[in-house]
Amino acid sequence: MSDNGNLLAAAAASLGEAERDHSELLTSVVTVARALFGAAAASVFLLDEQSDELVFEAVSGAGEDHLVGERFPASRGIAGWVLGAQEPLVISDLTDNPVFARDLAETTGYVPRSMMAAPLLRREEIVGVMEVLDPTPNPVSPLGAVQLLALFAGQAAIALAVIRRNRTTFQLLVRERGEPSELTQMARLLDELGDDQRAAGVDLLDTLHRLLSRTT
Amino acid sequence: MSSGQASLTWNALDLSPVELAVQCDWPGPVTREWAWGGSSGRGIRVCVVDSGIEGDHPDVGPVQGSYAVSAAADGELAVVPVAAGDACGHGTACAGVIRSLAPECELYSVRVLGERYTSTGDMFITGLRWAVAQGFDVVNLSLSTTRQKFAQALHAVADDAYFAGTVVVAAAHNTPVESFPWRFASVVSVGSHSVRDPGLVLYNPSPPVEFFAYGTEVDVPWPGGRRTRITGNSFAAPHVAGYCALAKGKHPGLTPFQLKNLLYLTSDNVKGTA
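Just so you know, the sequences run in chain order A and B. If you count the first sequence from 1, position 202 lands on 202 in our numbering, and the numbers rise without skipping. If you count the second sequence from 1, position 183 lands on 183 in our numbering, and the numbers rise without skipping.
You may find that some hints are simply not true.
Claimed, not checked - Pairs of lysine to any residue residues, derived as SDA-like cross-links and limited to a Cα-Cα distance of at most 25 Å, are as follows: (1) Lys149(B) <-> Ala150(A); (2) Lys149(B) <-> Val162(A); (3) Lys149(B) <-> Thr107(A); (4) Lys149(B) <-> Glu124(A); (5) Lys149(B) <-> Arg122(A).
Keep in mind that the hints were calculated from the coordinates and are not lab data.
For reference, chain B alone in the conformation it holds in the complex:
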């Protein structure tokens, strides 16, 4: 895994190809079996930046850590540990999808969508920045902001994650509006397809949305130990986050760049002639 801050490299004047050698054991045709077959996501830390997670839901738990963005007396935002919980269900649903695919991954929650469902761009950035700083392997972000003034800061956080080895899986907005950070190339952006198949992942040859996954009438865990069916890109993204957790569980050194390439090569609509 690369560390963007530790060894900045601006050019290769003093480096030979031998010194830059990278071991690549990928097979010719990359298959899903090779990518994540046999993996349960064990040892992979996945953070859901959302409305919280109901940790004792039988289809979701355990949740290894629950945090929330909170304003101190001076108004400064900080991420603090909180009791596990989810006031509105969105985060629990996303976490449930990830758990269904990667049953042994470690789940963490950062609540940026409050009990009154309101969130500010500042809370959103604070939560995401904290998640990236913790070095989680995968961050699921099924939220976005339409406020342009937050775009630059979010872009910086997304790039930090990319170079630090944290893959950020971001849901595209459900309506045709500009919102962030799913628009950035350093995240894996996901929209819904209309096939009710959690295994179907499609690469979009016409980005900015790069992948499509199952987000239609998804059967998800819901607060109160219940389940419900729900539709939206928000629930497509955690499918891809789940597959990322599986792949990193099997190939721990995968960078976000490699992971995105792996998702591309294993997409159902990507076919080669070799």
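One chain only, chain A, in its complex shape:
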């Protein structure tokens, strides 16, 4: 394999490894949150803006063996509300709650009686939602629970933002079906050129880079 090919393969492998590490970190966050809140489950959703869906990225407790990767409409349920309002929500009784999407909860195999949810905000951007199902009521104040949830949400948001960025970068390097992307193919073509032509190609890419940097 050429130098550029090796570099790209190494970069892709590194991105994959970073994603696995951050997925483990997310799982760790929801596991600790679930334990601390004495909850039936805790989960993190990634917002997929293209499909307008929330995707289970990490689950601890009820549903942890089958929910990761499952998708739900981003506009429904408590998670959808939190996504829109960008505010956390604590609901101690979900019975007859008009926002709660009971039908969606039933498809997960677990229907909670109470729930806390917080937006995952990274800088100015919302990247997902964190939910805690059936937490043990906070003996001091639900406000304390919100504060604690916000701390977990802050951690989860960082990990989720890194995962999302890694995936975008990975897709630039390698197509989803495993074929080289345009970027990778260009790198390979450059690699195969003679010195003069490669230098001209690199100049052209530099010019393109400067042009795109000015327009974005």
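Got chain A sorted already, so can you dock chain B onto it with the hints?
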């Protein structure tokens, strides 16, 4: 009430203290009894900029006007009259808190949080700007945006309200993030305390959140004629908005500056020696 646009005054070179005289009938120690005792908020127009209000809820209605921010065919946002309703309950809960404190105030709703719960900063600003332009006495805003690019426009609207005599009561974000407009000094910003007492209002000597009110497990009206218990700064803000409506009902000329001072002087943790 001052009118910022009608008579701009940049200095007092041509004005004597006599010409600038302002009648102040505030008593030495300002009490809640003096501030809003006996008031029901009658005649005060309160606007809830939120997800809408369920107008026929027995613990909320009547709602004098329901509006929503809507995009025209050309994409231009406008505020249009709509049927009263609330898809998610947030606005109804806020309105219910205000109604519980100021039973005779007039309630208006501007929906900026849509049926799919999504809202853009542009919708948010359009709704708030419209509410300020209508000259409502009190605007309750239990929402905020984290987008910095909307901060300047929101700041301008908040200042317009302040000088036009509309008090904007804004809930602080529930998590420690930067969001707007509660961060601005021209609004009355509110967070929650942990005491389950709707009468307890605390002044925060370490702003930017200036006041704390009841926002823990608040018993609120909920769509479908129901009630629920809910926690958050969103439900603390309408308590302060309710007290603002009561005070303006009793003292109609109060400016936002005076109203904030009144809230400070009547806060439970503010004690004097005089």
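Structure-based check of all given hints:
Restraint check: the Cα-Cα separation between Lys149(B) and Ala150(A) comes to about 24 Å, which is no more than 25 Å; the hinted pair holds. Straight-line distance between C-alpha atoms of Lys149(B) and Val162(A) comes to about 23 Å, which keeps the hinted pair within the 25 Å bound. Straight-line distance between C-alpha atoms of Lys149(B) and Thr107(A) comes to about 39 Å, which puts the hinted pair past the 25 Å bound. Of the pairs offered as hints, the one joining Lys149(B) and Glu124(A) holds, with about 10 Å between alpha carbons and a cut-off of 25 Å not exceeded.
Restraint check for Lys149(B) and Arg122(A): the C-alpha separation of about 15 Å stays at or below 25 Å, so the hint holds.
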